[in-house]
Amino acid sequence: MTGDRRRETDPVLEVTGLDVHYGPRRRSRPALKGVSLTVAPGETVGVIGETGSGKTTLARAVLGLVPAAAGSVRIAGEDVRGYGRRQWRGLRRRGVVQYVFQDPLRSLDPDLTVADSLTEPLLVQGVPRTEAARRARAFLDRVRLPADLLDRLPGELSGGQRQRVAVARALVTEPRLVILDEPVSALDSANRVQVLEILKELRATGVALVLISHDLGSVVGTSDRIAVLYRGELVEVGPARDVVNHPRHAYTRLLVGSAPTLRAAPTDRAGRAALRALLNA
Amino acid sequence: MTTLSRNTSPEPVRGGARSAAGPADAPARTGGVSADAGGGPVGAVVEPVDGTADLSEGTVPDPVRGGGRSAAGSADAPARTVSAPIDTADAPAPTAGVPVGGVGESDDATGGSDSAGTAVAEEGPGRAAVAPVLALRDVRISDRAGGREIVHGVSFELTPGKVVGIVGESGSGKTLTCRAALGILPPHFEVSGGSVEIAGTDIATLTSAQWTALRGATISAVFQDPASYLNPSIRVGPQIAEVVRVKKGLKRRAARHRAVELLAAVQLRDPELVYTQYTHELSGGMLQRVLIAAAVAAGPRVLIADEATTALDVTVQAEILDLLADLRDQAGLALVVVSHDLAVVAQLCDEVLVLREGEVVEHGPTRHVLHEPRHEYTRLLVAEHEQYGLEKFLTTREAS
Numbered sequence: 000m001t002g003d004r005r006r007e008t009d010p011v012l013e014v015t016g017l018d019v020h021y022g023p024r025r026r027s028r029p030a031l032k033g034v035s036l037t038v039a040p041g042e043t044v045g046v047i048g049e050t051g052s053g054k055t056t057l058a059r060a061v062l063g064l065v066p067a068a069a070g071s072v073r074i075a076g077e078d079v080r081g082y083g084r085r086q087w088r089g090l091r092r093r094g095v096v097q098y099v100f101q102d103p104l105r106s107l108d109p110d111l112t113v114a115d116s117l118t119e120p121l122l123v124q125g126v127p128r129t130e131a132a133r134r135a136r137a138f139l140d141r142v143r144l145p146a147d148l149l150d151r152l153p154g155e156l157s158g159g160q161r162q163r164v165a166v167a168r169a170l171v172t173e174p175r176l177v178i179l180d181e182p183v184s185a186l187d188s189a190n191r192v193q194v195l196e197i198l199k200e201l202r203a204t205g206v207a208l209v210l211i212s213h214d215l216g217s218v219v220g221t222s223d224r225i226a227v228l229y230r231g232e233l234v235e236v237g238p239a240r241d242v243v244n245h246p247r248h249a250y251t252r253l254l255v256g257s258a259p260t261l262r263a264a265p266t267d268r269a270g271r272a273a274l275r276a277l278l279n280a
Numbered sequence: 000m001t002t003l004s005r006n007t008s009p010e011p012v013r014g015g016a017r018s019a020a021g022p023a024d025a026p027a028r029t030g031g032v033s034a035d036a037g038g039g040p041v042g043a044v045v046e047p048v049d050g051t052a053d054l055s056e057g058t059v060p061d062p063v064r065g066g067g068r069s070a071a072g073s074a075d076a077p078a079r080t081v082s083a084p085i086d087t088a089d090a091p092a093p094t095a096g097v098p099v100g101g102v103g104e105s106d107d108a109t110g111g112s113d114s115a116g117t118a119v120a121e122e123g124p125g126r127a128a129v130a131p132v133l134a135l136r137d138v139r140i141s142d143r144a145g146g147r148e149i150v151h152g153v154s155f156e157l158t159p160g161k162v163v164g165i166v167g168e169s170g171s172g173k174t175l176t177c178r179a180a181l182g183i184l185p186p187h188f189e190v191s192g193g194s195v196e197i198a199g200t201d202i203a204t205l206t207s208a209q210w211t212a213l214r215g216a217t218i219s220a221v222f223q224d225p226a227s228y229l230n231p232s233i234r235v236g237p238q239i240a241e242v243v244r245v246k247k248g249l250k251r252r253a254a255r256h257r258a259v260e261l262l263a264a265v266q267l268r269d270p271e272l273v274y275t276q277y278t279h280e281l282s283g284g285m286l287q288r289v290l291i292a293a294a295v296a297a298g299p300r301v302l303i304a305d306e307a308t309t310a311l312d313v314t315v316q317a318e319i320l321d322l323l324a325d326l327r328d329q330a331g332l333a334l335v336v337v338s339h340d341l342a343v344v345a346q347l348c349d350e351v352l353v354l355r356e357g358e359v360v361e362h363g364p365t366r367h368v369l370h371e372p373r374h375e376y377t378r379l380l381v382a383e384h385e386q387y388g389l390e391k392f393l394t395t396r397e398a399s
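These protein sequence lines are chains A and B, in that order.
So for the first sequence, numbering that gives the first Met the number 0 puts the first residue at 0; every next one is plus one.
So for the second sequence, numbering that gives the first Met the number 0 puts the first residue at 0; every next one is plus one.
Okay, chain A solo, but in the shape it has when bound (with noise of 0.2 Å):
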């Protein structure tokens, strides 16, 4: 965030050619094959795909939480394959890389309260305890919740405003990058749409995030590109509004075709079934 960091042009996480398997070596089944993307610094990348597509192992795999079969993933620069706790814990310490889970409660110690998770990053980095809690402030007003939430323990909040902590704690350090894996999906429409703005808002910051979610109108909203994930493949790539406007890949107008609207349009049934029927052939 600071002035040096936006200037890099260099991308802040690199995947390439990622696969990652699950089940016992002789019988396992891939769950990721082949991705690779590209995230520039300041750049939203929204990757949207179904369930048992393989974004949260996408994200799991990224933050070295599963083992990649083959491939590489490169966070600012750093070859971060093989990685052990350690030198991931130096990565977030050093601001390089954080992130939010769907349930807030994954991603929060549910014995700290609002104000020592949000200054604890700060002061295991050494920064003195006042600055930290006045930076603790300020993240918690620019995911606009109120102060008087830092004596708060998180089972004391509500859903929103446990997802919007969770947004403050993973920011509070200036990541350059941000994972967030489905992010709003546990939300009502309400808490939805004020953690996607305050999601848009970081955009000028400078951080780059990796948004993952099932919700296509999410993802559009916020992203500067997305990428479809089907069946463990990136399978389109391009400007967010260009790929929903303009889906190339069956499954990508298969999702188009297949969001609700409220103008109720009666939705082309014939052609959805033919976008299947090629998926499946």
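Just so you know, these hints were derived from the structure itself, not from any lab.
On a predicted model such as this, the values are computed, not experimentally measured, just so you know.
Don't take each hint at face value.
Label-pair restraints from in silico Cβ distances [said to hold, decoys possible]: (1) B:Thr275 to A:Thr112: 46 to 56 Å; (2) A:Glu196 to B:Arg378: 11 to 21 Å; (3) B:Ala253 to A:Gly158: 39 to 49 Å; (4) A:Asp102 to B:His187: 21 to 31 Å; (5) A:Gly158 to B:Glu385: 16 to 26 Å; (6) B:Pro231 to A:Pro145: 40 to 50 Å; (7) A:Asp241 to B:Ser194: 53 to 63 Å; (8) B:Ser282 to A:Gly16: 19 to 29 Å; (9) B:Ser232 to A:Arg26: 22 to 32 Å.
A few chain A positions that, by computed beta-carbon distances, are all more than 10 Å from chain B [stated by the list, open to error]: (10) Arg25; (11) Arg26; (12) Leu62; (13) Ala68; (14) Gln86; (15) Arg93; (16) Asp102; (17) Asp108; (18) Asp110; (19) Glu119; (20) Gln124; (21) Arg136; (22) Pro145; (23) Glu200.
If you want the footprint, here are the derived chain A segments under chain B, 3+ residues with CB under 8 Å [claimed, not checked]: (24) 45-51; (25) 191-197; (26) 212-219; (27) 236-243.
By construction, the Cβ of each residue, glycine as well, lies at the ideal position given by its N, Cα and C atoms.
Following the hints, put chain B in place on chain A, whose structure we already have.
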């Protein structure tokens, strides 16, 4: 006696060959297969086939088939009712007295189960009306423990083939309303006012044996969290077969066959395999299809879908919505579609109720409520929806 019974022939889809997809290099737009959407329609075809199975549990009148939908007069249903934005006190029930679906409020006409098959021409000159299969009249639900009224008067009527949507945020009373109609309110909640009639029978008069006969065979439901409604230690197929055996009196082998048919009807890729699987082996989307299969197994006349597609992928959701539309069109199934997603409701529903904190703030034909909302709360919901709804970002929407 005719019942809903479907035989479907969805394309057998196998997870085999993948479509070839180009490698996705970042900046350049990569498109894999350029799909020709030609070819014949191969989607699920749902058609009523048999019409003979007898429901001997009683209380099930003849479903009104065929003309049910048009007779319901869904297109030009009631004038929309809008409750005042602030008025929460004792306003008259927003929709009471409004001839929803063209059926009058006559108490006596719907007294017995024998009346459901007769078309009643009332209200509105020249408009044939059909007796409702589900009627809520100023239903109020209270929490006895807290002594609070939670739902403050919900009214609507469902005739065969008609679809009513209920939208609102969590906590607005959508689910409680559904549960009241199903007679499964949580402990210490009760219907404290108004009435619910299922196929002409006031549910307040039902014994638990009568309820058992009614559920599944006349009124059925699917909820959001499918895993909670299936037994994890029994394969899913036999759980559907059991419904068919108990409710339709089929023999074991026939019930198994029917269960597999139903699993195919909800577009599960390999119904024979799914039949033998346990809940933990199935994805959320597959489980929801299993539950829908179970819910329609006994040929109900009303299906309540409470956030039934919320946890599903959008492509799967579209298929499920198609499936529900088929059941409505071809078997005259009446639907209550509860969702926080306005677009889901817009796809299927003839009319919509907007619920906020237990209060119906707006009720009317879908296109009016969702396209020209009058109540400020409805406007807010629509605005929230549109802010990140896909249609906002589409410059062109393929015509169908």
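Structure-based check of each hint:
1. B:Thr275 to A:Thr112: 46 to 56 Å: Distance hint for B:Thr275, A:Thr112 holds at roughly 50 Å.
2. A:Glu196 to B:Arg378: 11 to 21 Å: At 19 Å between Cβs, range holds.
3. B:Ala253 to A:Gly158: 39 to 49 Å: At roughly 46 Å between Cβ atoms, A:Gly158 and B:Ala253 fall inside 39 to 49 Å, so the hint holds.
4. A:Asp102 to B:His187: 21 to 31 Å: For A:Asp102 and B:His187 the Cβ distance comes to about 30 Å; the hint holds.
5. A:Gly158 to B:Glu385: 16 to 26 Å: holds (23 Å)
6. B:Pro231 to A:Pro145: 40 to 50 Å: holds (43 Å)
7. A:Asp241 to B:Ser194: 53 to 63 Å: holds (55 Å)
8. B:Ser282 to A:Gly16: 19 to 29 Å: holds (27 Å)
9. B:Ser232 to A:Arg26: 22 to 32 Å: holds (25 Å)
10. Arg25: For A:Arg25, whose nearest Cβ neighbour in chain B is about 20 Å away, the distance exceeds 10 Å, so it holds.
11. Arg26: Since the minimum Cβ distance to chain B is about 15 Å, A:Arg26 lies beyond 10 Å and the statement holds.
12. Leu62: holds (20 Å)
13. Ala68: holds (17 Å)
14. Gln86: It holds; A:Gln86 is separated from chain B by about 25 Å at its closest Cβ, greater than 10 Å.
15. Arg93: holds (25 Å)
16. Asp102: Per Cβ check, A:Asp102 is outside 10 Å of chain B; nearest 14 Å; holds.
17. Asp108: The claim holds: A:Asp108 sits with its nearest Cβ about 26 Å from chain B, beyond 10 Å.
18. Asp110: holds (27 Å)
19. Glu119: For A:Glu119, whose nearest Cβ neighbour in chain B is about 31 Å away, the distance exceeds 10 Å, so it holds.
20. Gln124: Consistent with the label, A:Gln124 stays out of reach of chain B, its closest Cβ about 31 Å off (over 10 Å).
21. Arg136: At about 28 Å from chain B, A:Arg136 clears the 10 Å cut-off, so the statement holds.
22. Pro145: Correct as stated: the minimum Cβ-Cβ distance to chain B is 21 Å, above 10 Å.
23. Glu200: holds (14 Å)
24. 45-51: holds (count 3)
25. 191-197: holds (count 3)
26. 212-219: Contact hint for the segment 212-219 of chain A vs chain B: holds, 6 residues under 8 Å.
27. 236-243: holds (count 8)
The structure shown violates none of the earlier numbered hints.
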